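There are 2 protein chains.
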Amino acid sequence: MSELKNDCLIKSLMKEPTTRTPVWIMRQAGRHLPEYRDLRSQAGDFMSLCQNPKLACEIAMQPLRRYKLDAAILFSDILTIPDAMGLGLHFVEGEGPKFRKPLRTERDVESLSVINSKVDLSYVLEAVSLMRKELDGAVPLIGFSGSPWTLAAYMIEGHSSRDFSRTKTWLYKHPEILHQLLQKLTLSLIDYLNAQICSGAQVVQIFDTWGGILSHEAYEKFSLAYIREIIANLISRYDDREVPVVLFTKSGGNWLEEIASSGCNAISLDWTVSLREARRRVGANVALQGNMDPAVLRSNPESIESEVQRILDSYGSGSGHVFNLGHGITPDIDPRNVEVFVEAVHRYSGA
Amino acid sequence: MSELKNDCLIKSLMKEPTTRTPVWIMRQAGRHLPEYRDLRSQAGDFMSLCQNPKLACEIAMQPLRRYKLDAAILFSDILTIPDAMGLGLHFVEGEGPKFRKPLRTERDVESLSVINSKVDLSYVLEAVSLMRKELDGAVPLIGFSGSPWTLAAYMIEGHSSRDFSRTKTWLYKHPEILHQLLQKLTLSLIDYLNAQICSGAQVVQIFDTWGGILSHEAYEKFSLAYIREIIANLISRYDDREVPVVLFTKSGGNWLEEIASSGCNAISLDWTVSLREARRRVGANVALQGNMDPAVLRSNPESIESEVQRILDSYGSGSGHVFNLGHGITPDIDPRNVEVFVEAVHRYSGA
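Taken in sequence, the protein lines are chains W and A. Just so you know, we're using my numbering here: the first sequence kicks off at 1 and counts up by one. Just so you know, we're using my numbering here: the second sequence kicks off at 1 and counts up by one.
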């Protein structure tokens, strides 16, 4: 593997000093880019793109050609594991992910097998290898998956939901079945994220997209406990380098202390938390990633630059901050505003 | 007016000692009750019920006949002010509130007038008077409205939304227009809540349902600043009694200190916050209301009782706790489970 030319992201995630604040964007490869929309209209649906390593690699490179980003991220979905378990992941325009065979009974859970990534998700691992080769050390590559709780919530509902009422009914009425499911997902995630690392992912991020709908106590028991188990079982050094783990619990601002104690190296924050406050609470132990409201990118260069400055000031000086949005970029954003955003982070943070 | 026989709620909101923890339920009058569904199927749509003081009064009484609740709440909607401003509030089954004439331009905002509740919302004030009479001092009556930010968000979108993108575009691109709107709403809310108090509301609750979608800084500027102004201008004593103000910012757990400094007497909390933690942070200054996940009511008596106990323990001993759900009860809940819930709060908290 070639030497990493820009290790700003990894250093910041490990709380080591950098010359400026690194920046990347959740969902940086995707629908806001016209070149992605072109390629997708030729090639078919979203899952066909993910499952074609060459196309996935090309898509992961697209944002790096436009913007001076400090990281690439695997082009894939957070729900590949349940798809590999046979639930039939597909996407309906404007409605998000859906499963053809959602979990309905205890027997559905019992019949699921822990995945073997090399066999069941080889297309992801191939994509990771190709991306590493294509990047040629320019910037690090981030691998990822959804958290066990987030996967379980989609698997039980069959789709996204305002209140995940089926899943919560399991949680309060049949917690033992839910725990059985979460345990299988945890073992699958350990296998999957380690396989991504061995294929070339230099950072891994766990997306706990729906952790924030739980009570404090339920979050600990049904989400964070399993994430802890995963992190404890991940390869922490590979190819002579630390492999930092980033944990993103959307709407998890109430639980930063617990999240910081999960073993992760960095917490990715949504925009509702002030970075100053988050740093005061947990900054001694973990790096912080985030956290501009994606809606700011809908405004104008002046507002974008002033929000970037405000957020950099709010973190303050010293190492340990990775700039990002507080959630994925939305498809309606003008790439010119993204360019303003990325350049503002670099300009105001130092280099 | 007759003497208040059960003043447990008001005492707890003022942090005075009570013999047990009072309990009421957000949306206690409404679709989960078969007698409400009967009445509604005879009488027409939701707004017709709200606008008919006699029916509204009857509906507000229904849950009190079933459950030993410590408060009644005005049967109305959080969006009556924009309706009175001419936006045309109506409800589409399964889709929530909608406005026929959402705000689209600066001129739309300029042409809005601050409401005069006695003229524009007389049906609400009549309903409040009737309910007070009907209650005959059994329990206190809670009045309410949505917060300026929450009203503005619905008025600009025209309906509920996952990310309120139009509203946020105004916020980041045209903040001055949004401030103009928020100021008109603030003056209207002061008039409206004071009129409710003069008509008989003994507690008022401000529902900041969408405050939690903002960044910390934007929440301060676009939501909390206006709520502060409202609270400072509310009648604090009426009919020889304090009139406590409860503030509910859904997903506002990150900002408890700021919320507590708004002048409110109590903070209503969603279920993502631990009461122990919230009390440690702000319990010296304000009472706390909440915060069981409404999903627990979908389970069984054992789980409901154990969650009630856990939440009571989490608050701990001493005054200043009002039990409630962390959000409105959902229409699918079996009233037998609600009965278990209310009785468990009373039994485990003392009397």
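No lab work stands behind these hints, which were simulated from the structure alone. This one's a predicted model, so the numbers in the text were calculated from it and none came from an experiment. Worth double-checking, as some hints may not be accurate.
Any copy, or any two copies together, can satisfy a pair, since identical chains are not distinguished.
Derived pair list, reagent style DSSO-like, types lysine-lysine, alpha-carbon separation capped at 27 angstroms [what the hints assert, rightly or not]: (1) 5 to 68; (2) 11 to 250; (3) 221 to 173; (4) 5 to 15; (5) 250 to 221; (6) 68 to 173; (7) 118 to 15; (8) 5 to 173; (9) 173 to 250.
Status of the hints after comparison with the structure:
| no. | hint | verdict |
| --- | --- | --- |
| 1 | 5 to 68 | within (13 angstroms within a copy, 68 angstroms between copies) |
| 2 | 11 to 250 | within (24 angstroms within a copy, 36 angstroms between copies) |
| 3 | 221 to 173 | within (15 angstroms within a copy, 42 angstroms between copies) |
| 4 | 5 to 15 | within (18 angstroms within a copy, 60 angstroms between copies) |
| 5 | 250 to 221 | both (17 angstroms within a copy, 23 angstroms between copies) |
| 6 | 68 to 173 | between (49 angstroms within a copy, 25 angstroms between copies) |
| 7 | 118 to 15 | neither (32 angstroms within a copy, 60 angstroms between copies) |
| 8 | 5 to 173 | neither (52 angstroms within a copy, 38 angstroms between copies) |
| 9 | 173 to 250 | both (25 angstroms within a copy, 25 angstroms between copies) |
Hint check: violations occur at hints 7, 8; the rest are consistent with the structure.
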